[in-house]
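2 protein chains.
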Amino acid sequence: MSDLKLLFSPRSIAVIGASKKEGKIGHSIMANLRESGFTGQVYPINLKEKEILGFKCYPSIKEVPEAVDVAVIAVPAELSVNVAQECGEAGVKFLVVITAGFKEVGEEGLKREQELVRICKKYNMRMVGPNVVGILDTHTPFNASFTPGAPPQGKIAFISQSGAMLLAILDWSRSVNLGFSRMISMGNKADLNEVDFIWAASEDPQTSVILCYLEDVTDGERFLEVVREASKRKPIIILKAGTSQAGARAASSHTGALAGSNIAYDTAFRQCGVLRAENMADLFDLAIAFVNQPIPKGKNIAIITNSGGPGIIATDSVERENLEMAKFSKETTSTLRDHLPPEASVYNPVDVLGDAPADRYRTALEAVLADESTQSALVLLSPTAVTEPVKTAELLVEMRQKYAEKPLFASYMGGETLVEGSTLLTQHGIPTYTFPEPALKAISGMVKYSKMRKALHEAKAIESLTEASRQEVKATFYDVLRDKRLVLLGNETTRVAEAYGIPVAPIYLVNSPEEAVERAEAMGYPVVLKIASPKIIHKTDVGGVKVGLESAQEVRNAYLEIMESVNRLMPGAPIYGIEVQKMMPKGNELIIGMTRDLQFGPLIAFGMGGIYVNLLKDVSFRLAKGLTVQDIEQMITETKAYTLLRGYRGSTPSDIPSIVKTIARVAQLSLDFPEIAEMDLNPVIAYPDGAVALDVKITISYDKLK
Amino acid sequence: MSDLKLLFSPRSIAVIGASKKEGKIGHSIMANLRESGFTGQVYPINLKEKEILGFKCYPSIKEVPEAVDVAVIAVPAELSVNVAQECGEAGVKFLVVITAGFKEVGEEGLKREQELVRICKKYNMRMVGPNVVGILDTHTPFNASFTPGAPPQGKIAFISQSGAMLLAILDWSRSVNLGFSRMISMGNKADLNEVDFIWAASEDPQTSVILCYLEDVTDGERFLEVVREASKRKPIIILKAGTSQAGARAASSHTGALAGSNIAYDTAFRQCGVLRAENMADLFDLAIAFVNQPIPKGKNIAIITNSGGPGIIATDSVERENLEMAKFSKETTSTLRDHLPPEASVYNPVDVLGDAPADRYRTALEAVLADESTQSALVLLSPTAVTEPVKTAELLVEMRQKYAEKPLFASYMGGETLVEGSTLLTQHGIPTYTFPEPALKAISGMVKYSKMRKALHEAKAIESLTEASRQEVKATFYDVLRDKRLVLLGNETTRVAEAYGIPVAPIYLVNSPEEAVERAEAMGYPVVLKIASPKIIHKTDVGGVKVGLESAQEVRNAYLEIMESVNRLMPGAPIYGIEVQKMMPKGNELIIGMTRDLQFGPLIAFGMGGIYVNLLKDVSFRLAKGLTVQDIEQMITETKAYTLLRGYRGSTPSDIPSIVKTIARVAQLSLDFPEIAEMDLNPVIAYPDGAVALDVKITISYDKLK
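Sequence lines, in order, name chains V and L. All residue numbers for the first sequence refer to the numbering used here, where the first residue is 1 and numbers rise by one. All residue numbers for the second sequence refer to the numbering used here, where the first residue is 1001 and numbers rise by one.
Simulated from the structure, these hints should not be mistaken for laboratory data. One or more of the hints may lead you astray.
Label pairs and their computed distance ranges (CB to CB) [unchecked claim]: (1) V:Ala459 with L:Lys1617: 50 to 58 Å; (2) V:Lys330 with L:Val1487: 41 to 49 Å; (3) L:Ala1385 with V:Gln85: 52 to 60 Å; (4) V:Gly524 with L:Lys1617: 38 to 46 Å; (5) L:Gln1206 with V:Arg646: 55 to 63 Å; (6) V:Asn262 with L:Gln1471: 42 to 50 Å; (7) V:Pro294 with L:Lys1617: 33 to 41 Å; (8) V:Pro294 with L:Asp1338: 56 to 64 Å.
Pairs of lysine-lysine residues, derived as DSSO-like cross-links and limited to a Cα-Cα distance of at most 27 Å, are as follows [claimed, not checked]: (9) V:Lys586 with V:Lys539; (10) V:Lys586 with L:Lys1048; (11) L:Lys1586 with V:Lys640; (12) V:Lys234 with V:Lys21; (13) V:Lys539 with L:Lys1586; (14) L:Lys1697 with L:Lys1539; (15) V:Lys539 with V:Lys155; (16) V:Lys530 with V:Lys155; (17) V:Lys586 with L:Lys1062; (18) L:Lys1093 with L:Lys1048; (19) V:Lys617 with L:Lys1617; (20) V:Lys582 with V:Lys454; (21) V:Lys586 with L:Lys1391; (22) V:Lys454 with V:Lys530; (23) L:Lys1586 with L:Lys1448; (24) V:Lys640 with L:Lys1640; (25) L:Lys1024 with V:Lys391; (26) V:Lys50 with V:Lys93; (27) L:Lys1617 with V:Lys640; (28) V:Lys530 with V:Lys697; (29) V:Lys24 with L:Lys1391; (30) V:Lys5 with V:Lys50; (31) L:Lys1640 with V:Lys617; (32) V:Lys24 with V:Lys56; (33) L:Lys1048 with L:Lys1020; (34) V:Lys586 with L:Lys1697; (35) L:Lys1093 with L:Lys1056; (36) V:Lys451 with V:Lys539; (37) V:Lys617 with L:Lys1391; (38) L:Lys1155 with L:Lys1062; (39) L:Lys1530 with L:Lys1474.
The C-beta atom is built at its ideal place from N, Cα and C for all residues, glycine as well.
From just these sequences and the hints, can you work out the full model?
Okay, here's the thing in structure tokens:
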């Protein structure tokens, strides 16, 4: 990874296109740099001015007496390439190209953008943008952007592909007093992209949670490698926009981004331990939770309420969010029974009743936070005549310090009468909501992250294969190519599959009835015979298939009948011969497939196979890149096929490890050979010992070769 | 329906337990009555006082010079029964029993509550509660409750099973300035319940939307009848709490409510046209939308934005919420192209660009609102240097009046700089959100309601059956009863099914090989023979089943073999004979079933049948009560079975009308005979012409008889 430390802690910043005129972008950037408290050198570059906002001006970056770390470019697009060239010559390390008018405006802009990239490579500069609002860091501190002011200082890094979104969030952050460590506008991402900024934020000691607004991922395979490591360190929450078909169109007209398919993004985020926010509110609810509270040890939550209805709503939400109600020990329950009024509920949710003053909340909260089964807590308060919202808030702040390892959330259900209390809570880092549901959604996100992080740490990569296996596949593909085909025949897919240890039902290409009988005798009856011809797709329609052949005589007759029928119905079709395949006993029918995602590479599918694949849609997905054994196991358990494999209604369980291995081999094959465009193993039959693919389809495409 | 007009527009109100002491509930009620502006007579009842808050006191309700319309009871529980008795004698029409200490505290309280109900019946009084906060109406106006103050006047009726929830919402309503027409605390619902209050609100000209917080439904079958009619008039939105297993426990410890199963509630709400809110925020987002905006004509929405990112997020949300992006006419698109800058996007979402002043929003909004395809519109605004949030808001208010029939929503994405504009919008009834997603969720709810309401108006009830059919079923059940059984035998289920016109594969009970052959010859080969004995459940295990019998000889042999095997393996089991059934050709296997819900009565299931029913869980549900032909048709389309029935992969479509008819007949049978506890038709085989049940199971239970 390239080191972006200097980009975010520069010793010197030049502003090319700096201006004295208020309202000009080049002026806003200067004003922000001055007001941000940046302690390094600032060099406004302007041909005519002597100084701007007290900083000495230079007519060109080349006149600046040192090689600056960061040059912010805010000149018209036509001048940008020349300016970048001068920066390169002057030894600038990073460019932040505010200027718009590149890829997003069409062909000419794209060429200009490519020119910028070429110059950056030549001079070993890295670039943010073009077409950005800029970047800022509240701890360095500096603000090299044209934002109207800066956000409060805090621990959230916000990385945005949309400049407007960054401006909107900045404006909003001030009214809710939400602090940020960094804000980064990525613009067209011609050079540096989300992967670089996420990695940099993961290394930044002032950042504790990383938020992204993304419309696409620039380099999916690098994302899979790097972000996985980053999320071992810090929670990463992404709102991926452009998920809808219509949304994807809007994305591509907006920044020229090519939105990948939704399922691949979902899978990529999960495999990398990234939390995917459903909407804007969730994005920030999660951020606030992570910034202020420890990560819960598990999903058991205690709820304390002063009224029944809100307690029920919270309990419903616990189930909906896949959390669990903590089961208190007998000691806790009897402590509660001893110290709460007799009508109070001492089970979870604990109901301290409508007349509860702060002290009664204290009794309940101390008891449940001390209980081992409590891994997080939510306190609900609705206003009654005797409620003490401020005192109760103070108590929560105290408890938060005492039980620092257990996340504590609050829902103050009401309005005016609770504002003082809820403000106090928020100020002291206890996330507080009007209604309880968002609190539980946020806690659930934290638990999910904690599980994903654990899985990342424990993950075991799938086995690589030997060079010999690859040689055999290459040789087969060469045969296919020489034959000017892109779809493999049955015996070819068998060669490829077997080379990678993917079990397939034996299949042989034969050219005479005698040879067919010989193969059948060797593999054992019953067998199937199928015509092998690149021109015959629907073999059954031309009498090209004969099943359930039980003897040498039947095989011989079948061979002759197939040949006769095919010659009569498809005269002139090139015939490679006839394929002899062993008929396999019945078992659970599965599908294992691979399709190639534009962003993230091979996407592996698993589920119930056979003729109803499209009807049942019982399929789960994982990306091959970085795939772990645990990923595969989880992928299997997500399907209904898993219920069958475990042994449904008393049937013998199937050999799941051999299915895991087969999936791993399919993934490895797809990674080793980017020219494989698609692969379908359907059905794969699972038995109590082993699994066998009956039909394997492989299509190659040389467009996909890099 | 009983008329509650006098309850909500009383001419006189007595407060029994009125008090002069501040802090006492009996004082709060008096203070609220005085402050509410109630213009009728108020009679405080108190033994010792002469007057309270300026109202003349009476020592007893019997001393009051007129028969009062509403008596609010706030005396200790022990006195409540006597007080109710006196109210009855004094000719009171409605009781509002604030007092707690009834069903919710156990056995003794339950008895006391039943006593209250008995007195009410005797004197023809109706009762709210017991255990309530009270009721209020801001238009009458009056406030007969101990709420701290009243909500702003408005058009929302809020009906709450939780008093704390009502207090919390009231407190909150004042800080967000949300108006209510009525607030009703239902408490233990010993007499009047949600059905009565929903109906009353549907008749109230001051109410335009009805909100409920419910923990259970008291009388499910009446709910299905009445609420369906109410929601033809006004939108009804319900938050049903206690959906989780844990939540259901909390509900039953809270108000002694017995929470019904979630699926039955979901189905009931849908069949009644009720919108089910997922959480508290949704409940009020929907209410605000309905109160302020017309119901959209359909799901086509236009989005106008001044920045790309938020536009993409909104577009994603359109898809997620099952809305559709309006497709503008060529005229609209060219108007937009003529009047917007060249970089603007003139397709939906319309991007007026970051430098858009209010006037540019006007151009765009006028064009898209005038377009026929636009059925609702959402305007997004993020802050930039030149944005005019207030002017844009003023323009939206103007457009809202001009295009009054098209709902208009806004999302002002930002904070401080947008507050003035967004406040202006809210004040003028344009629902405005920080982020766009909740706007689209609310619009989607409106579209859903509009569809449901249309369906309710067009609904066609299922056909009733003749008395003769019922006689045949009764006779069969009588035979079963005489035999001291609760599970019907094959030939008995056939009698019942055929009486109701449910097609079953012919089955006959025979007692000799000759009779078996005779039946087989009459129905045609192949046939199946099965042993008929109430003691033999697993017939195959004792050699009690022979399938695929093709001739008289095979039938004769099978008969003798079954008898021999059963006599050998199950000596002494009572044998009724052997059942002869026709073997049916293959077709799509379905299941049609019935289970009885505690709250809502017969719940009908439909889906893919056969041995994988439990694995595939491809089942949809409807309640039999009030079931319409349209409900059944929709129920079928919700399943994957529907894909098969329409003709999957080129197979001939099945006879869907005959399946609709069969489901209707099963529903009618379940309604006519509450003693049928469960019914399973699995499989039902669907053919291109007709459908036939192969196996019908009916279990009766006399606990279910009312």
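A quick look at each hint next to the structure:
{"no.": "1", "hint": "V:Ala459 with L:Lys1617: 50 to 58 Å", "verdict": "violated (32 Å)"}
{"no.": "2", "hint": "V:Lys330 with L:Val1487: 41 to 49 Å", "verdict": "holds (44 Å)"}
{"no.": "3", "hint": "L:Ala1385 with V:Gln85: 52 to 60 Å", "verdict": "violated (30 Å)"}
{"no.": "4", "hint": "V:Gly524 with L:Lys1617: 38 to 46 Å", "verdict": "holds (39 Å)"}
{"no.": "5", "hint": "L:Gln1206 with V:Arg646: 55 to 63 Å", "verdict": "holds (59 Å)"}
{"no.": "6", "hint": "V:Asn262 with L:Gln1471: 42 to 50 Å", "verdict": "violated (58 Å)"}
{"no.": "7", "hint": "V:Pro294 with L:Lys1617: 33 to 41 Å", "verdict": "holds (38 Å)"}
{"no.": "8", "hint": "V:Pro294 with L:Asp1338: 56 to 64 Å", "verdict": "holds (58 Å)"}
{"no.": "9", "hint": "V:Lys586 with V:Lys539", "verdict": "holds (23 Å)"}
{"no.": "10", "hint": "V:Lys586 with L:Lys1048", "verdict": "violated (89 Å)"}
{"no.": "11", "hint": "L:Lys1586 with V:Lys640", "verdict": "holds (25 Å)"}
{"no.": "12", "hint": "V:Lys234 with V:Lys21", "verdict": "violated (42 Å)"}
{"no.": "13", "hint": "V:Lys539 with L:Lys1586", "verdict": "holds (26 Å)"}
{"no.": "14", "hint": "L:Lys1697 with L:Lys1539", "verdict": "holds (15 Å)"}
{"no.": "15", "hint": "V:Lys539 with V:Lys155", "verdict": "violated (64 Å)"}
{"no.": "16", "hint": "V:Lys530 with V:Lys155", "verdict": "violated (65 Å)"}
{"no.": "17", "hint": "V:Lys586 with L:Lys1062", "verdict": "violated (85 Å)"}
{"no.": "18", "hint": "L:Lys1093 with L:Lys1048", "verdict": "holds (25 Å)"}
{"no.": "19", "hint": "V:Lys617 with L:Lys1617", "verdict": "holds (13 Å)"}
{"no.": "20", "hint": "V:Lys582 with V:Lys454", "verdict": "violated (45 Å)"}
{"no.": "21", "hint": "V:Lys586 with L:Lys1391", "verdict": "violated (72 Å)"}
{"no.": "22", "hint": "V:Lys454 with V:Lys530", "verdict": "violated (50 Å)"}
{"no.": "23", "hint": "L:Lys1586 with L:Lys1448", "verdict": "violated (39 Å)"}
{"no.": "24", "hint": "V:Lys640 with L:Lys1640", "verdict": "holds (15 Å)"}
{"no.": "25", "hint": "L:Lys1024 with V:Lys391", "verdict": "holds (23 Å)"}
{"no.": "26", "hint": "V:Lys50 with V:Lys93", "verdict": "holds (25 Å)"}
{"no.": "27", "hint": "L:Lys1617 with V:Lys640", "verdict": "holds (10 Å)"}
{"no.": "28", "hint": "V:Lys530 with V:Lys697", "verdict": "holds (15 Å)"}
{"no.": "29", "hint": "V:Lys24 with L:Lys1391", "verdict": "holds (23 Å)"}
{"no.": "30", "hint": "V:Lys5 with V:Lys50", "verdict": "violated (31 Å)"}
{"no.": "31", "hint": "L:Lys1640 with V:Lys617", "verdict": "holds (10 Å)"}
{"no.": "32", "hint": "V:Lys24 with V:Lys56", "verdict": "holds (18 Å)"}
{"no.": "33", "hint": "L:Lys1048 with L:Lys1020", "verdict": "holds (10 Å)"}
{"no.": "34", "hint": "V:Lys586 with L:Lys1697", "verdict": "violated (31 Å)"}
{"no.": "35", "hint": "L:Lys1093 with L:Lys1056", "verdict": "holds (21 Å)"}
{"no.": "36", "hint": "V:Lys451 with V:Lys539", "verdict": "violated (49 Å)"}
{"no.": "37", "hint": "V:Lys617 with L:Lys1391", "verdict": "violated (51 Å)"}
{"no.": "38", "hint": "L:Lys1155 with L:Lys1062", "verdict": "violated (37 Å)"}
{"no.": "39", "hint": "L:Lys1530 with L:Lys1474", "verdict": "holds (26 Å)"}
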